[in-house]
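The primary structure of each chain is shown beneath.
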Amino acid sequence: MSKKLVTTSKKLARRDNNKNGYLFILPYAIVFTIFILVPVILAVILSFTNFNAIEFPSWVGFLNYITVLTNDEVFMQHVLPNTVVYALVVGVGGYILSFVLAWALCNLPSMLRTVFALIIYSPSMTAGVAMGVVWKVIFSGDQTGLLNSWLMELGIITEPIIWLINENYLLPIVIVIGLWSSMGIGFLSLIAGILNVDESLYEAGAIDGIKNRFQEMIYITIPSMKPQMFFAAVMSIVNAFQAGSIYTLLTGNPSPGYASQLLVNHIEDYGFLRYEMGYAAAVSVVLLLIVQIFSKVANKLFTEED
Amino acid sequence: MAYKGRRINPQHFEKSQIKIIIAVLPLVIFMALPIVFIINHAFKPMEELFAFPPTFIVKNPTLDNFTALIKASRTAGIPLSRYVFNSLIVTVVTIFLSLLFTTCAAFALSKIKFKAKHILMNINQIAIMFVGTAVLIPRYLVISLGGMVDSYAAHILPLLAVPVALFLVKQFVDQVPDSLLEAAYIDGANDLKVYFKIILPMIKPAIATAAILVFQQVWTNMETSNYFVNDDSMKTLTFYMNTLANANNTVAGQGMAAAAALIMFVPNLVLFCILQKNVMNTMAHSGIK
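Going down the list, the protein sequences come from chains A and B.
Numbering-wise, the numbering used here puts 113 at position 113 of the first sequence, and it's gapless, one number per residue.
Numbering-wise, the numbering used here puts 203 at position 203 of the second sequence, and it's gapless, one number per residue.
For the record, the hints were derived by calculation from the structure and aren't laboratory data.
Check the hints yourself; a few may be wrong.
Below are the DSSO-like pairs computed for lysine-lysine, each with C-alpha atoms no more than 27 Å apart in a straight line [stated by the list, open to error]:
(1) A:300 x A:226
(2) B:113 x A:19
(3) A:226 x B:204
(4) B:19 x B:113
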């Protein structure tokens, strides 16, 4: 009996640094390293070089970064402002919208909630380019376009608007599509978070003088689901900054007058159309850094200080 | 009468919910319209696709667009079945390997004590914020240096590590009680046995969720076909469906493109509907602390 206890405690002690842990994580670690870590490191290295995909990259120091910040008019005048506006509306706006929607759905009976949640979530499944045809038909520039036809029937416009060429409408169109497909797993996480809030907290809150649903949301719901709030925020940020390739299909790259050019489009433009891969890599690094900064801010907002 | 505190997750329909439904309904309709449209568009006969003013709802549904889609692939050099085969192989292998790698890693990060554990966990947490499209070029370099261009590996390997999936599965493994594992270890089970006999059966909802995430990424993925594969016979169904959608800018092409879009979308929807309960169960543990 005591012998068995000794071997067991030995076993447990050995498991403080169980080498099997490395074995179990190894397969994931290998693909992670090769296809995520190494590419990021390569991007950082390439960003300090001049590389045209044919000759061996030549070292240029910080030149690419200096160019991004001082010499790239398209980046400063179009790409950066567009990306900021897009990230604010689709990222921040979409995040607030998804919380409000999640909260509203949680006040409905489960059958109705499931149906609504499915409808709201399903656009994010279409994130692939396949849905491009829908938007092409809706925003078609002549009278056969669905939107033009509706607006003309309602008498709001008399002439069809060439939506996908007109610089005034490109960014708003891209933002609408972005919002439409932004309710992904972050949204589902928020629903689950709200449903999981301890019911007794609400009863206690009512005794403590909470007067309405809005106060409940601010003082009880949000503080008790900060981890989910943070997860959803990260998902929103990533979603807002990785958007771009889908819109190439609609607006072309570069888009007319760079009106809807986003960071990802700028990277594709330099990397795959001009073959200035060193420069494209520098823009990629800037993109990755911006995402990290935004996530840090979200982290500050939603993590408990303890 | 004092405010009693609301009931989240109400069991029955109450009058007060009507306000909420009225507020939410316009948004729900906005979200649903494009999908309702694509379903209708895919079944429209030629004269309705050409109709002026354009119609939203199909009046005389036909399968013309789907047959046209199959016919178009016959005239192309590569038969449709080849793309379907490629997509099936790529999707099945990617999901299987990705889930195997992810659950193993999640087990290690959650339940096995080893030194590098916390560092590795933090690295993965940061990688959740990773934007794949940003490193397309270096990824291509890695793939071409590894001699993987024009192979199934170019489709599969880049999609295996999904940091969000690992994070969600790991959070779920955290919920498996330690006492259960201790009991198994005392009975003489080793780590491998614990992984197969206890962890895997207990985290089925998380596995289902990860499967959906991976499926969505691999099924709709265009990057690998566009950038890592030159040989047309090695490209996927998604790629082919998109060339159809792009090449035929005519109205006739539109019908085919809509049919193609529907074919790509429906598997996603069906899978999600089947596994929906599991997903919500997993999401309950999705918070980042």
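Hint check results:
1. About 11 Å separates the Cα atoms of residue 300 of chain A and residue 226 of chain A, which keeps this hinted pair within 27 Å; it holds.
2. Taking the CA atoms of residue 113 of chain B and residue 19 of chain A, the gap is near 9 Å; set against the 27 Å cutoff, the hint holds.
3. For the suggested pair residue 226 of chain A and residue 204 of chain B, the alpha carbons sit about 26 Å apart, so the restraint of at most 27 Å is met.
4. For the hint pairing residue 19 of chain B with residue 113 of chain B, the CA-to-CA distance comes to about 52 Å; that exceeds 27 Å, so the pair is violated.
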